[in-house]
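Line by line, the protein sequences are chains A and B.
The first sequence begins at 1317 in our numbering and counts up by one.
The second sequence begins at 10 in our numbering and counts up by one.
Honestly, the hints are just simulated from the structure, not real lab data.
Cβ atoms here follow ideal geometry from the backbone N, Cα and C, with glycine treated the same way.
Each hint should be verified, as a subset may be incorrect.
A short list of chain A residues far from chain B (calculated; beta carbon distances all over 10 Å) [claimed, not checked]: (1) G1332; (2) E1453; (3) C1470.
DEER-style ranges, computed between Cβ atoms [claimed, not checked]: (4) A/R1389 x B/K14: 22 to 32 Å; (5) A/Q1409 x B/N31: 16 to 26 Å; (6) A/T1318 x B/C35: 27 to 37 Å; (7) B/E77 x A/G1359: 15 to 25 Å; (8) B/N192 x A/K1457: 45 to 55 Å; (9) B/D242 x A/S1392: 49 to 59 Å; (10) A/Q1388 x B/M190: 19 to 29 Å; (11) A/A1362 x B/K28: 24 to 34 Å; (12) B/N160 x A/A1362: 44 to 54 Å.
Covered stretches of chain B, as calculated for chain A (at least 3 residues, CB under 8 Å) [claimed, not checked]: (13) 19-33; (14) 211-225.
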Amino acid sequence: MTDKTWESTIELARQGNDAPFNAFVNEMYISRYHKPIFKFTGGDEALTREVYTNAITKFWERFILRAEPIPQRNISGYVFNMARNAFIDIKRQVKRDKECEFFSHQALNLARDYASMTCDDDSFDISPHQLEQEDYEMKMKLLHMSISQLDEKCQEIINRNVYNGEFLKDLKLELGFTGTYQSIVEKKKRCIRRLSKLMFKALESVKSPSAINSL
Amino acid sequence: MEVLKSKLRKFQNYDLSDKEINSFECKINDELMNQSYENYKFSENLSTEMFVPGYLEMVQRKKKSFLENLPQSPQIKKGSARIRSFLAAAASLVILLASVFMFVTIESDVSSDQLVSIAALESLNLDHISTIERGASKMEEANDLISLYKNGEYAEFLALINKAEESEMITLLKARGHFHMENYEESMKIFNTFNVETFPQRDALLWSLIEIELQLENMGNAKKYLNQIISGDYPNADKARVILKTLK
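Okay, chain A solo, but in the shape it has when bound:
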């Protein structure tokens, strides 16, 4: 019964009607999740709320925003499992003194800077001025390095679409895409995915500070 409600509210949310899903997650928090999460967080009320919120946000991101296939097994149990993952993630973040949060903002700013966009949103606690300049510059270098390792077409798409803001539909013929508009969108997706892999590899190769300095 509960799984059916999950499924129907997810379906509605995917169609743009968020309200039933939001109401249902609140109801589930009280009736099902509060107690077990409260237990494994050691009786910390604020942490319980944070864990549940993180889990539900990830759930929303994956199954509503990205429309990933809904898990076939017990959805309520799956959400509880996501909460356990969220708890480990928070424990990890606390240990790293909010470094994780910092990195997430840094990724956002790096992407924006690369696309030459201005950051005028003040909804975040950490302002760009607080970012460590050296680390930031190193990552920008790695981003450029990673882009230069992509094939020519990918470099063109990223530089002209992301950096210059040119429309994909205008680039389509110029870059020799004879298929539908979707073909260049798919190509961009593949390029970005490859870029993500190259960036991860590059970041992994500069884990030590000496390597950073030698860049």
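Chain A is already provided as a structure; the job is to place chain B on it using the hints.
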């Protein structure tokens, strides 16, 4: 690295299973591992933001709204909570005894081959293979393939797979498709192209190898892979122990 990356991806999606969480928690305490996770998350966030500008902010805003609208928790009455804990403990004991009794009965009724098939299927984590593919059309493609595989329509599955762009997991399914169609030679040919050490979902590969080696009666190889499951403490290692005992 590849094995690790699949775990990092799962953790970023809050998708680690109960068992995996425990072992991952120990690993994530390691500074280098933790840094790897940060690097992974960073590169994923960066590319997501480059692809869909404003994505991270949108998720943050939604999180904020979930948190703000979350109702206050109900007050737990201490007395009744104590009684309920006692009842829960008693019920758990009964369930535990019943499950031990049932487990012994079930295990003795199930053959090694069936156990291997169950473990192999579980390790594939079919529901989540498609989520590895980013991008709507890729996911759709993977979903079509997986539903054919799940329904046992292996011929259609193999016909469709030849048109698809293959990831490692999809290629593994292809090998398994040939196995189900009893094209053992073709299946083995694909299995031989895999590197067990670097395969992203190593336990899935190992269980599939065990399944085919048992079918081909190569007991030595099957035992070798079973031992790898046990020594790696992969999910279903307990099943591997049971099967290994029956093979001796």
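**Message:** I want to verify a distance hint. Is the separation of the beta carbons of B/N192 and A/K1457 within 45 to 55 Å?
**Reply:** With Cβ atoms ~50 Å apart, the hint holds.
**Message:** Over 10 Å from every CB of chain B: does A/G1332 meet that, or does the non-interface label fail?
**Reply:** Since the minimum Cβ distance to chain B is about 14 Å, A/G1332 lies beyond 10 Å and the statement holds.
**Asked** How about the region 19-33 of chain B: do at least three of its residues have a C-beta closer than 8 Å to a C-beta of chain A?
**Response** Our answer is that it holds, as 9 residues pass the Cβ test (under 8 Å) against chain A, meeting three.
**Prompt:** When you take the CB atoms of A/R1389 and B/K14, is the distance between them in 22 to 32 Å?
**Reply:** Given about 24 Å between the Cβ atoms, the range holds.
**Request:** Count the residues of the region 211-225 of chain B whose CB lies closer than 8 Å to any CB of chain A, then report whether that count reaches three.
**Result:** Since three or more residues must qualify, the claim that chain A covers the region 211-225 of chain B is violated, with 0 doing so at under 8 Å.
**Asked** Closest CB-CB distance from A/C1470 to chain B, is it above 10 Å?
**Response** holds (12 Å)
**Asked** Does the Cβ pair A/T1318, B/C35 satisfy 27 to 37 Å?
**Response** holds (33 Å)
**Asked** Between A/A1362 and B/K28, does the beta-carbon spacing fit 24 to 34 Å?
**Response** holds (29 Å)
**Message:** Quick check for students: does the CB of A/E1453 sit more than 10 Å from each CB in chain B?
**Reply:** holds (15 Å)
**Request:** Check the following: the C-beta atoms of B/N160 and A/A1362 are separated by a distance inside 44 to 54 Å.
**Result:** holds (47 Å)
**Prompt:** Taking 19 to 29 Å as the hint, is the beta-carbon distance of A/Q1388 and B/M190 inside that range?
**Reply:** holds (24 Å)
**Item:** C-beta pair B/E77, A/G1359: status relative to the range 15 to 25 Å that was hinted
**Value:** holds (23 Å)
The structure fails hints 9, 14 (numbered hints given earlier, in ascending order).
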